[in-house]
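J.: So the chains spell out like this:
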Amino acid sequence: MSSYQAYFREKILPRVQKPARYLGNEINAVAKAHEQCSMKVALAFPDLYEIGMSHLGLKILYHIINAVPHWAAERVFMPGSDLEEIMHKEGFPLCSLETVTPLSQFDIVGFTLQYELSYATILRMLKLAGIPLWAFERSEKDPFVAAGGPGAFNPEPLAPFFDFVLLGDAEEAFPEVLRLLEETKALSRRRRLELLSGIRGVYVPAFYREERDEAGVYLGTKPVAPHYPARVKRAVVASLDKAPYPTAFIVPYSDIVHDRMVLELFRGCTRGCRFCQAGVIYRPVRERKKETLLALARKMVRATGYEEMALSSLSTGDYSAITELVNELGVELAKEGVSLSLPSLRLDSFSGELAREVQRLRKSGLTFAPEAGTQRLRDVINKNITEEDLLAAVREAFAAGWTSVKLYFMLGLPTETDEDLHGIAALAGRVMQAYKEAGGRGRPRVTVSVSVFVPKPHTPFQWHGQLPKGEILRRQRLLRQALRLPGVHFQWHGAEMSLLEAALSRGGRELAPVLVRAAELGCKLDSWDDYFRFDLWQQAFAEHGLDLAACAEKSFAESAPLPWDHLDAGVSKKYLLREYRRALRGEVTPDCREGCLGCGMALLLAEEEDKGACTRADLD
Amino acid sequence: MRIWIKFAKQDLMCYLSHLDLMRTWQRAIRRAALPLVYSQGFNPHPKIAFASALPVGVASTAEYADISFAKGIGAAEMEKLQDALPAGLPVLCWRPVPEGIPPLMSLVRAAAWSVPLPDDVQQIEARVEELLGAASLPVRRQGKKGEKTVDLRPALLRLAVDRPGRRLTMLLLAGADGGAKPREVLELLALPGDGLQRDEILLAAGAYLQAPMAVLLKGKEVSFNAEKDYYQLRQ
Numbered sequence: 000m001s002s003y004q005a006y007f008r009e010k011i012l013p014r015v016q017k018p019a020r021y022l023g024n025e026i027n028a029v030a031k032a033h034e035q036c037s038m039k040v041a042l043a044f045p046d047l048y049e050i051g052m053s054h055l056g057l058k059i060l061y062h063i064i065n066a067v068p069h070w071a072a073e074r075v076f077m078p079g080s081d082l083e084e085i086m087h088k089e090g091f092p093l094c095s096l097e098t099v100t101p102l103s104q105f106d107i108v109g110f111t112l113q114y115e116l117s118y119a120t121i122l123r124m125l126k127l128a129g130i131p132l133w134a135f136e137r138s139e140k141d142p143f144v145a146a147g148g149p150g151a152f153n154p155e156p157l158a159p160f161f162d163f164v165l166l167g168d169a170e171e172a173f174p175e176v177l178r179l180l181e182e183t184k185a186l187s188r189r190r191r192l193e194l195l196s197g198i199r200g201v202y203v204p205a206f207y208r209e210e211r212d213e214a215g216v217y218l219g220t221k222p223v224a225p226h227y228p229a230r231v232k233r234a235v236v237a238s239l240d241k242a243p244y245p246t247a248f249i250v251p252y253s254d255i256v257h258d259r260m261v262l263e264l265f266r267g268c269t270r271g272c273r274f275c276q277a278g279v280i281y282r283p284v285r286e287r288k289k290e291t292l293l294a295l296a297r298k299m300v301r302a303t304g305y306e307e308m309a310l311s312s313l314s315t316g317d318y319s320a321i322t323e324l325v326n327e328l329g330v331e332l333a334k335e336g337v338s339l340s341l342p343s344l345r346l347d348s349f350s351g352e353l354a355r356e357v358q359r360l361r362k363s364g365l366t367f368a369p370e371a372g373t374q375r376l377r378d379v380i381n382k383n384i385t386e387e388d389l390l391a392a393v394r395e396a397f398a399a400g401w402t403s404v405k406l407y408f409m410l411g412l413p414t415e416t417d418e419d420l421h422g423i424a425a426l427a428g429r430v431m432q433a434y435k436e437a438g439g440r441g442r443p444r445v446t447v448s449v450s451v452f453v454p455k456p457h458t459p460f461q462w463h464g465q466l467p468k469g470e471i472l473r474r475q476r477l478l479r480q481a482l483r484l485p486g487v488h489f490q491w492h493g494a495e496m497s498l499l500e501a502a503l504s505r506g507g508r509e510l511a512p513v514l515v516r517a518a519e520l521g522c523k524l525d526s527w528d529d530y531f532r533f534d535l536w537q538q539a540f541a542e543h544g545l546d547l548a549a550c551a552e553k554s555f556a557e558s559a560p561l562p563w564d565h566l567d568a569g570v571s572k573k574y575l576l577r578e579y580r581r582a583l584r585g586e587v588t589p590d591c592r593e594g595c596l597g598c599g600m601a602l603l604l605a606e607e608e609d610k611g612a613c614t615r616a617d618l619d
Numbered sequence: 000m001r002i003w004i005k006f007a008k009q010d011l012m013c014y015l016s017h018l019d020l021m022r023t024w025q026r027a028i029r030r031a032a033l034p035l036v037y038s039q040g041f042n043p044h045p046k047i048a049f050a051s052a053l054p055v056g057v058a059s060t061a062e063y064a065d066i067s068f069a070k071g072i073g074a075a076e077m078e079k080l081q082d083a084l085p086a087g088l089p090v091l092c093w094r095p096v097p098e099g100i101p102p103l104m105s106l107v108r109a110a111a112w113s114v115p116l117p118d119d120v121q122q123i124e125a126r127v128e129e130l131l132g133a134a135s136l137p138v139r140r141q142g143k144k145g146e147k148t149v150d151l152r153p154a155l156l157r158l159a160v161d162r163p164g165r166r167l168t169m170l171l172l173a174g175a176d177g178g179a180k181p182r183e184v185l186e187l188l189a190l191p192g193d194g195l196q197r198d199e200i201l202l203a204a205g206a207y208l209q210a211p212m213a214v215l216l217k218g219k220e221v222s223f224n225a226e227k228d229y230y231q232l233r234q
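These protein sequences, in sequence, are chains E and D.
Under numbering that gives the first Met the number 0, the letters of the first sequence match residues 0 to 619, in that order.
Under numbering that gives the first Met the number 0, the letters of the second sequence match residues 0 to 234, in that order.
Any given hint might turn out to be false.
Calculated lysine to any residue pairs in the SDA-like style (CA-CA distance at most 25 Å, straight line) [claimed, not checked]: (1) E:Lys334 with D:Glu76; (2) D:Lys143 with D:Met104; (3) E:Lys17 with D:Leu185; (4) E:Lys10 with D:Lys70; (5) E:Lys334 with D:Ile2; (6) E:Lys10 with D:Ala7; (7) E:Lys298 with D:Lys70; (8) E:Lys298 with D:Leu35; (9) E:Lys334 with D:Met21; (10) E:Lys10 with D:Gly192; (11) E:Lys334 with D:Lys46; (12) D:Lys144 with D:Glu183; (13) E:Lys334 with D:Ala75; (14) E:Lys334 with D:Leu33; (15) D:Lys79 with E:Lys17; (16) E:Lys334 with D:Gly194; (17) E:Lys241 with E:Gly219; (18) E:Lys10 with D:Pro191; (19) D:Lys46 with E:Lys10; (20) E:Lys88 with D:Gly56; (21) E:Lys334 with D:Met104; (22) E:Lys334 with D:Gln25; (23) D:Lys79 with E:Ala302; (24) E:Lys298 with D:Met77; (25) D:Lys79 with E:Ile26.
Calculated from the structure, these hints are not laboratory results.
Fair warning: this is a prediction, and the values are worked out from it, not measured in the lab.
Pulled out of the complex, with its shape left as it was, chain E reads as follows (with noise of 0.2 Å):
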């Protein structure tokens, strides 16, 4: 045991809240000895255990590098305020989960980047580790301090703080990385990044700057010399079937939200809806077999004895072999008495077959997204479902026994008006009528969720801002009036929340000292109520001579120059935006199952062999 893990141990873990989600020895964790290990990875998560226990990707990485006997990965998350006083009172370092062992005394330190509101998170944890913000005042013996993940799409906000990104599928790269890293320890640090940067997917924030004109206009992020790529790519998985997935997960002993096993049948998706980057830096559509997948869950029902699996996807109704999958599953499962879940289904995938399925295994109730209140609406985001659609689907689950319902929408989507505000007040209202002519008792609890659209890069509407407060509230506001129906339930999301992830969503490297001020002067896990101090960051904003509102609403011109061009998600920005002049003109795009629309995917496969179902490249 070393003197940290003694010290944490006995002295104190017996004064924190919660401490089950400091112990670090949950089944399924991997301890190793340091000593015999070539490189130790901390996996962190910039939020609490609660959290951060509940992410894939996470669980992934920790698999794929602790499979290698000779390398050690650990995790590490931000520790509750009580923990993180005791730390800076006494001058405990932030330490990993399994041996209680220093940040600074890892290989690599990598951060997944899921969401813009918990970046402030991650300074306050590199400092509680104390290791250097800045990737420049880093020596020789500091850790890598990485990134992954969606946000890895636009990090610029924290480009200065990272020694390199990690863009795409880790599955392959991240051993890659780990592999050079482990062959080129005599090398000098610098040496190590310039060869780092040759690794498909790995970007090397240094190596780039951006460039303005003499007024201080923005003309780009170039690379510092000619022999680094303009345009970083992303690493892309060919066969997610054949690609390494965890069975023995990590079973904590405190509840986290997403406290089950998950079961991925694919990555990406073709519905192309045009708010959502997730299916842009996610393509192509990669599946399990289903022979694949039953295979897995068995092992790992044995490994984990969870009494819930989730089947995770974008569109989960969309996998191939749902139905069958969904049969043979839930008997199997059954017998263990596991029982089975499917967020994120979809609205037309959602056969009454499928529902009867799913209504056997599980009793809680059903979501719904049809995103905005009028067809012409979701005829702009692309979101190719109708009102009938959405009534057929919500008429089969009443039939089938569903009492409640919710449905999630977005205001302040581009073009929205308040005729489409009073269509999601009109929809719940026909919910409701649904349910009478399924011939439901009662009164069906119909819960409408409003969240507030925030215009993402490498999306049709990245060019566009978001609206201001002001007219969020306003918006709000209308939508409460509107949607007092009996048995209507609305939640809305908080306006100054959604300002902060824009203003950071589409941020250059002009944020960074922001992100810094914003943690000195306490900002933290700024998605939780409790500790979100939007005036700390309005301040934050403007020391730095920047308006936060105005970071969050500006518009791009189509011909500007966007702080994330030389990242390439394999969508070509050409495509980008002839769907965003389609959107605006309310004009929908097929599926491209149907046929290649040319977004630019298969350009980015076909420079490797073998990779992915994208074959055609007709981009015009």
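Since the structure of chain E is already known, use the hints to place chain D on it.
T.: Coordinates of chain D only, in the frame set by chain E:
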């Protein structure tokens, strides 16, 4: 097949809450591929219960689980279960439960606790004498309906200093009504309570208090003897 299992909760496992412990056992049983019996109804749940919740941070050498399995359980199955449980939750012994025995939880009447003492035990001995001699020991307790005063004296079945072991041992009635919490007693003694642990749970068996496994032992009875020890075997 219904069985009672005696197990310890030690080292880091003392930080599991009652709910955490429940989840941990359920999952260990599924990992061991032992079939549980589920309750009937809208939301079936496995028939697992523990004798008595333990405060977070307190270790125990005598926890009890009351579990109904859908098949016969032998030594091989128990070994599989032990392998599936995390370190720090060792199974100490187990015994089949005959028909007609009420839920273990409903039988719990008292618990034995102990805590290590500082070097100077004399002062504590004096204080113990004082408490035992008192007619009543009123303490304030935060209830659901605000604060109220309860008398701990009737719940204090035994309180003693074990000199050679340098420990304080307590036998306290359990339960929200008429029971005493070990930390309340420690507070009266002005002891910090670090290293508090539960040593036994005692059930009501006629006029006696008995350890759970003894209740299941035919022909032998365990009785509580306040003068001598917590409980003793009576032939």
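J.: Do the alpha carbons of Lys17 of chain E and Leu185 of chain D lie within 25 Å of each other, as the hint requires?
T.: 23 Å, holds
J.: Does the alpha-carbon distance linking Lys46 of chain D and Lys10 of chain E stay inside the 25 Å limit?
T.: 37 Å, violated
J.: Take a quick look at whether Lys79 of chain D and Ile26 of chain E sit within 25 Å of each other, Cα to Cα.
T.: Satisfied, since the Cα-Cα distance of roughly 15 Å is no more than 25 Å.
J.: Below or equal to 25 Å on CA atoms is what counts here, so check Lys10 of chain E against Lys70 of chain D.
T.: 45 Å, violated
J.: Verify the proposed pairing of Lys334 of chain E with Gln25 of chain D, using a straight-line Cα cut of 25 Å.
T.: With a Cα-Cα distance of about 15 Å, the restraint between Lys334 of chain E and Gln25 of chain D holds, given a limit of 25 Å.
J.: Take the C-alpha atoms of Lys79 of chain D and Ala302 of chain E, compute the straight-line distance between them, and say whether it is at most 25 Å.
T.: Within the cut-off at roughly 13 Å; holds.
J.: Does the alpha-carbon distance linking Lys334 of chain E and Ala75 of chain D stay inside the 25 Å limit?
T.: Answer holds: Lys334 of chain E to Ala75 of chain D is near 22 Å, not above 25 Å.
J.: With a cut-off of 25 Å on the C-alpha distance, tell me whether Lys10 of chain E and Ala7 of chain D pass.
T.: Holds. Lys10 of chain E to Ala7 of chain D sits at ~23 Å (cutoff 25 Å).
J.: Decide if the proposed pair is consistent with the structure: Lys10 of chain E and Gly192 of chain D, CA atoms, cutoff 25 Å inclusive.
T.: 15 Å, holds
J.: Does Gly219 of chain E lie within 25 Å of Lys241 of chain E when you go C-alpha to C-alpha?
T.: 38 Å, violated
J.: What's the verdict on Lys298 of chain E and Leu35 of chain D, does the C-alpha distance respect the 25 Å limit or exceed it?
T.: At roughly 19 Å apart (the allowed maximum being 25 Å), Leu35 of chain D and Lys298 of chain E satisfy the hint.
J.: Tell me if the straight-line CA distance from Lys334 of chain E to Met21 of chain D falls inside 25 Å.
T.: Satisfied, since the Cα-Cα distance of roughly 21 Å is no more than 25 Å.
In the structure shown, a violation is registered for the earlier hints numbered 4, 15, 16, 17, 19 and 21, in ascending order.
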